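Participant: Chain residues, written in single-letter form:
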Amino acid sequence: MSSISNTITPSTKNARMSKVLLAWFLAGIIMLLLGLGMVYVCIHLFPRIADEYFSPVFRRAGETDWTFYVHPFILSFGLKWFWERYKGILKGGFLLRALEVAVVYGLVALLPILWLTFSAIDVSVKMTLTWFLYGIFQAFAAGVVFAKLNP
Amino acid sequence: MRTVFLIISLAFFVNAAFIKKSVPTYSMAKWVVERNSSLNIQGETNINSFECDVIEYLKPDTLVYTKNDATKKLSFTNSCLSIDIKRFDCHNKYITEDFRSALKADENPKLKIVFVSIEQFSSSCDNQLVKGTVDIQLAQVTKRVEIAYLVNTLPNNRIQMNGSHVFSFSDFNLKAPRKLAGLIKTKDEIKVNFKLFFRAIL
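Going line by line, the protein sequences match chains V and D.
Everything in the first sequence is counted per this note's numbering, starting at 1 for the first residue and increasing by one.
Everything in the second sequence is counted per this note's numbering, starting at 152 for the first residue and increasing by one.
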């Protein structure tokens with residue numbers, strides 16, 4: 001035990017920390033870009049669903065816009081913690097491990113919260129499904145980044 | 152002497168005729184707004200285009216004007232069309248609700264069109280283009296605009312006036328609807344088309 005702790009010098013600790021921070025930030029950036037791309041895809045391929053964003057249940061753009069652009073970094077933070085805690089039990093290649101992260105996130109976090117959202121707010125099933133897929137794709141992208149940078 | 156007298160008399164009559172012509176005469180009349188008058192608004196979002204209609208004008212408003220018979224200009228007094236914003240139907244429940252909310256329907260439920268004047272109006276026209284001035288009152292802001300009307304006189308003293316004008320939400324200090332941090336947005340310009348039917352009361 002003492003031999004292991006002796007091998008973790010402050011410099012390796014710093015290097016590991018910066019690698020973790022880089023993975024968190026990179027995953028956040030990739031999820032943000034992916035999220036914007038998916039919104040544009042939704043606008044062009046499913047305009048009827050996108051029209052629903054004009055519903056009064058959605059906040060008007062304005063002072064809180066920044067919260068939307070920050071959400072991938074919040075998600076990245078949560079997924080990064082999950083990755084560091086449980087990466088040992090995620091086996092297989094990087095794509096399989098990323099897929100497993102996405103599925104776990106989808107089942108444990110997204111499904112119950114979207115179920116609750118649907119029950120409480122006047123949004124359609126289709127819209128809720130797009131959010132589910134949106135989250136799954138984002139988590140998969142984050143999983144790929146983590147599996148590559150902090151395997 | 153006789154010739155001089157004749158010339159003076161002639162000059163007097165010509166002058167009198169000229170003076171008579173230059174004094175403007177006015178006539179007063181009224182138009183009653185008919186129920187089948189309608190207003191249509193065309194707009195665009197980055198998803199789709201949309202149209203909002205008010206297909207029936209339920210208030211029996213009357214427009215009162217004086218007509219300058221020489222210039223054919225109609226000058227209106229206290230003549231206003233008042234449209235309930237909550238009656239706008241955009242044929243999509245989300246856009247309808249959002250559009251009403253963008254126009255601040257709860258605080259200012261009426262869109263008012265105050266007729267100011269119409270130039271060169273003839274009581275018998277067939278697709279004649281005339282210019283007019285109206286004040287648009289929306290969300291406690293008044294904007295004066297010049298509108299080109301296409302005027303048609305119809306049987307039974309009825310008049311049809313069609314016109315359109317492009318406005319911006321910002322003209323009335325309003326914000327075009329934007330959602331999802333601005334990723335979903337409505338263009339600032341909207342085109343307002345109107346089809347007005349009046350019945351003239353002499």
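It should be emphasised that the hints constitute simulated quantities derived from the structure, not laboratory data.
Given the structure is predicted, the values throughout are model-derived calculations rather than measurements.
Each residue gets a CB set at the ideal place from its N, CA and C atoms; glycine is no exception.
The reader is advised that the hints may include incorrect statements.
Cross-link-like lysine-lysine pairs, in silico, DSS-like; alpha carbons within 25 Å at most [as the list claims (entries may be wrong)]:
id, chain 1, residue 1, chain 2, residue 2
1, D, Lys-346, D, Lys-261
2, D, Lys-210, D, Lys-261
3, D, Lys-326, D, Lys-244
4, D, Lys-261, D, Lys-237
5, V, Lys-126, D, Lys-326
6, D, Lys-244, V, Lys-126
Short, incomplete list of chain V residues facing chain D, as computed with Cβ under 7 Å [what the hints assert, rightly or not]:
id, residue
7, Gly-37
8, Met-38
9, Phe-46
10, Pro-47
11, Ala-50
12, Asp-51
13, Tyr-53
14, Phe-54
15, Ser-55
16, Val-57
17, Phe-58
18, Ala-61
19, Glu-63
20, Asp-65
Simulated restraints, written as ranges between beta carbons of each label pair [to be verified]:
id, chain 1, residue 1, chain 2, residue 2, range
21, V, Phe-73, D, Asn-187, 54 to 60 Å
22, V, Tyr-69, D, Thr-304, 56 to 62 Å
23, D, His-316, V, Phe-132, 53 to 59 Å
24, V, Tyr-69, D, Arg-309, 54 to 60 Å
25, V, Thr-12, D, Ser-252, 52 to 58 Å
26, D, Asn-187, V, Phe-132, 45 to 51 Å
27, V, Arg-85, D, Asp-257, 45 to 51 Å
28, V, Phe-132, D, Val-183, 43 to 49 Å
29, D, Thr-284, V, Thr-67, 42 to 48 Å
30, V, Leu-96, D, Asp-322, 45 to 51 Å
Participant: If a hint holds in the structure, say so; if it doesn't, say that too.
Facilitator: Going through the hints against the structure:
Our distance criterion of 25 Å between C-alpha atoms is met by D/Lys-346 and D/Lys-261, whose separation comes to about 18 Å. For the hint linking D/Lys-210 to D/Lys-261, the alpha-carbon distance of about 12 Å falls within 25 Å, and the restraint holds. Distance hint between D/Lys-326 and D/Lys-244 is fulfilled; the C-alpha atoms sit about 19 Å from each other, no more than 25 Å. For the suggested pair D/Lys-261 and D/Lys-237, the alpha carbons sit about 8 Å apart, so the restraint of at most 25 Å is met.
The suggested pairing of V/Lys-126 with D/Lys-326 is violated, with an alpha-carbon distance near 28 Å, which exceeds 25 Å. The straight-line distance between the Cα atoms of D/Lys-244 and V/Lys-126 is roughly 16 Å, inside the 25 Å bound, and the hint therefore holds. A cut of 7 Å between beta carbons decides the hint on V/Gly-37: the least distance to chain D is about 11 Å, and the hint is violated. This hint is violated: V/Met-38 has a C-beta 10 Å from the nearest C-beta of chain D, more than the 7 Å allowed.
With its C-beta approaching chain D no nearer than about 9 Å, V/Phe-46 sits outside the 7 Å limit, and its interface hint is violated. Below 7 Å, beta-carbon pairs count as interface contacts, and V/Pro-47 has one with chain D at about 5 Å; its hint therefore holds. For the restraint placing V/Ala-50 at the interface with chain D, the shortest Cβ-Cβ distance is roughly 5 Å, inside the 7 Å limit, so the hint holds. Residue-level restraint check for V/Asp-51 holds (minimum Cβ-Cβ distance to chain D is 6 Å; threshold 7 Å).
Interface hint at V/Tyr-53: satisfied, since its Cβ lies 4 Å from the closest Cβ of chain D, which is below the 7 Å cut-off. Interface hint status for V/Phe-54: upheld, as the beta-carbon distance to the closest one in chain D is roughly 4 Å, under 7 Å. Given the 7 Å rule on beta carbons, the hint for V/Ser-55 holds: about 4 Å separates it from the nearest Cβ of chain D. Checking V/Val-57 against chain D: minimum C-beta separation of about 9 Å lies over 7 Å; hint violated.
A least Cβ separation of about 5 Å between V/Phe-58 and chain D falls short of the 7 Å threshold, and the interface hint therefore holds. Interface hint at V/Ala-61: satisfied, since its Cβ lies 4 Å from the closest Cβ of chain D, which is below the 7 Å cut-off. With 7 Å as the threshold, the beta carbon of V/Glu-63 stays out of range of chain D, its nearest partner Cβ sitting at about 11 Å, so the hint is violated. Restraint check, V/Asp-65 versus chain D: the minimum CB separation of about 4 Å is within 7 Å; hint holds.
About 57 Å separates the C-beta atoms of V/Phe-73 and D/Asn-187, a value consistent with the hinted range of 54 to 60 Å. In this structure, V/Tyr-69 and D/Thr-304 meet the distance hint of 56 to 62 Å, their C-beta atoms being roughly 58 Å apart. Here the CB-CB span from D/His-316 to V/Phe-132 is close to 45 Å, at odds with the stated 53 to 59 Å. Between V/Tyr-69 and D/Arg-309 the Cβ separation comes to about 57 Å, which falls inside the hinted range of 54 to 60 Å.
Against the hinted window of 52 to 58 Å, the Cβ-Cβ separation of V/Thr-12 and D/Ser-252 comes to about 57 Å, which satisfies the hint. For the pair D/Asn-187 and V/Phe-132, the beta carbons lie near 48 Å from each other, so the given range of 45 to 51 Å is met. At about 49 Å, the CB distance of V/Arg-85 to D/Asp-257 agrees with the hint of 45 to 51 Å. The supplied range of 43 to 49 Å is broken by V/Phe-132 and D/Val-183, whose beta-carbon atoms lie about 57 Å from each other.
At roughly 46 Å, the beta carbons of D/Thr-284 and V/Thr-67 sit within the given window of 42 to 48 Å. Hint check: V/Leu-96 to D/Asp-322, Cβ distance near 57 Å, so the stated range 45 to 51 Å is violated.
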